[in-house]
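**Student:** Below are the chains, spelled out letter by letter.
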Amino acid sequence: MKTVLRSFAIPLVQALVVLMFLAWLSAGKAHAAIEMHQFDNPVLQKRYDSLTAALRCPKCQNQAIGDSDSPIAGDMRQNVADLLKDGRSDSEIQNFMVARFGEYVLYNPRLDGRTWLLWGGPAVLILLGLLVVTLIVRARRRARVRALDADEQARLSALLATHRQSIDEQPGDEQPGAGQHTAKERS
Amino acid sequence: MNVRRLVLFVPLVVVVGLGAFLYQRLDDDPYARDSALLSRPFPEFSLSTLSDPQARLDASLLKGQVSLVNVWGEWCPTCKHEMPQLLDLASRGVHMVGVDYKDTRAKGRQFLEEFGNPFSVNLFDPDGTLGFDLGVYGAPETFLVDAEGVIRYHHTGYIRPEDVRDVILPTLERIAKPATDAASMPDEEASS
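Chains as they are written, first to last, in my numbering: chain L, 1 to 187; chain A, 1 to 192.
Careful: at least some of the hints might be erroneous.
In silico EDC-like cross-links for lysine to aspartate or glutamate, where the CA-CA straight-line distance does not exceed 20 Å [said to hold, decoys possible]:
| hint | chain 1 | residue 1 | chain 2 | residue 2 |
| --- | --- | --- | --- | --- |
| 1 | L | LYS59 | A | ASP127 |
| 2 | A | LYS63 | A | GLU162 |
| 3 | L | LYS59 | L | GLU35 |
| 4 | L | LYS59 | A | ASP28 |
| 5 | A | LYS80 | A | ASP133 |
| 6 | A | LYS80 | A | GLU113 |
| 7 | L | LYS46 | L | GLU35 |
| 8 | L | LYS46 | L | ASP82 |
| 9 | A | LYS102 | L | GLU35 |
| 10 | A | LYS102 | L | ASP69 |
| 11 | A | LYS102 | A | GLU114 |
| 12 | L | LYS59 | A | ASP29 |
| 13 | L | LYS59 | A | ASP34 |
| 14 | A | LYS102 | L | GLU169 |
| 15 | L | LYS59 | A | ASP133 |
Read the hints as simulated data drawn from the structure, not as lab findings.
This structure is a prediction, so every number in the text was calculated from the model and none was measured.
Using the sequences and the hints, build the whole thing.
**Tutor:** Printed below as a string of structure tokens:
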């Protein structure tokens, strides 16, 4: 029984390993299909890499132009390379793309009338959280130092009276009585 | 006490509200984009035509009348399905300009022979430079350009027969209007 299982399991595992290796190979190929411009100047190369990673391919749902093999992403990479060689700044290149494909292409949207909530939201939420925590803490502190109302005062005096009475009757029972006394006061 | 109880419902209200907001956005077309070209002049270009490699046309082609500019290519299957709608628009007297995008002359000409030619002129854009300046990231895409050469409408993708009736024709009418309005209202004419 065991040997039968083994004779099936081992080829299966081998087949899986081969399949995974093939998948890895083809993934490598798909990546190689994306033509990235190579600069001699390392500064330009770095700017090119970061720009192509931060510009979003308009044809794709969620891929940077440096990560997509769609034709439009290739055209955009070519334009980024040409503009870099032309001596344009990063923001000029971003403006160039936004003028054609809209704000959609920026992975880091700019701060403007439509995006202030996006950028300001986290800060507003943190402030709101701090406010809520402060309010809760202060409310609790106030509740702790609150004076007893008339009803509670009456109950306290009654308890103290019975307590004193019990001390008078049984002088040896002082310790547990004191403990009870503080516990009641706290609640 | 009652107020404190009500405060406990605040997170629930927030979550339900957020859920409703996100649920409503679920119906949005993920391929819909705001066009960056609206209300902007049609980009400058200098291209030959599909029929004449020696010709040189520029953006002045689009001045003086309302035009429909359609970006197409032989390689684009949807463009074939869109041709009947474009032929319909052409038969209604719309000034139609084609942009043969990332294509070869032979294939582009063959396409028009097979599926009909609604265009009064076809710009030949083999490298996609005009397409790039138009923010085109696929084909078909369609622009409506007013008589001043300003882009007033951008349609990404297939124009369905009902789009002609519901969107394209009303928009063309709206774009054409200011000229007639200006004629009846001297104030506006002076300001433009």
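**Student:** Would the pair LYS80 (chain A) and GLU113 (chain A) pass a check requiring their Cα atoms to be no farther apart than 20 Å?
**Tutor:** holds, 12 Å
**Student:** Does the structure keep LYS102 (chain A) and GLU35 (chain L) at a Cα separation of 20 Å or less?
**Tutor:** holds, 18 Å
**Student:** Under the criterion that the straight-line Cα-Cα distance not exceed 20 Å, is the pair LYS46 (chain L), GLU35 (chain L) satisfied?
**Tutor:** holds, 16 Å
**Student:** Would the hint linking LYS59 (chain L) and ASP34 (chain A) be met if the CA-CA limit is 20 Å?
**Tutor:** Holds - the C-alpha atoms of ASP34 (chain A) and LYS59 (chain L) are around 13 Å apart, at most 20 Å.
**Student:** Is the straight-line distance between the alpha-carbon of LYS80 (chain A) and that of ASP133 (chain A) 20 Å or less?
**Tutor:** violated, 24 Å
**Student:** Would you mind confirming whether the straight-line C-alpha gap from LYS59 (chain L) to GLU35 (chain L) stays at or under 20 Å?
**Tutor:** This hinted pair holds, its Cα atoms lying about 17 Å apart.
**Student:** Straight-line Cα separation of LYS59 (chain L) and ASP29 (chain A) no greater than 20 Å?
**Tutor:** Judged against 20 Å, a Cα distance of about 13 Å means the pair holds.
**Student:** Checking one constraint from the list: CA of LYS59 (chain L) to CA of ASP133 (chain A), max 20 Å. Satisfied?
**Tutor:** holds, 15 Å
**Student:** Between LYS63 (chain A) and GLU162 (chain A), does the CA-CA distance stay at or below 20 Å?
**Tutor:** violated, 28 Å
**Student:** Does the structure keep LYS59 (chain L) and ASP28 (chain A) at a Cα separation of 20 Å or less?
**Tutor:** Roughly 16 Å separates the two Cα atoms, so the pair holds.
**Student:** Are the Cα positions of LYS102 (chain A) and GLU169 (chain L) separated by 20 Å at most?
**Tutor:** Outside the cut-off at roughly 107 Å; violated.
**Student:** Hey, LYS46 (chain L) versus ASP82 (chain L), does the alpha-carbon distance stay inside 20 Å?
**Tutor:** holds, 15 Å
Hint compliance for this structure: hints 2, 5 and 14 are broken, all remaining hints hold.
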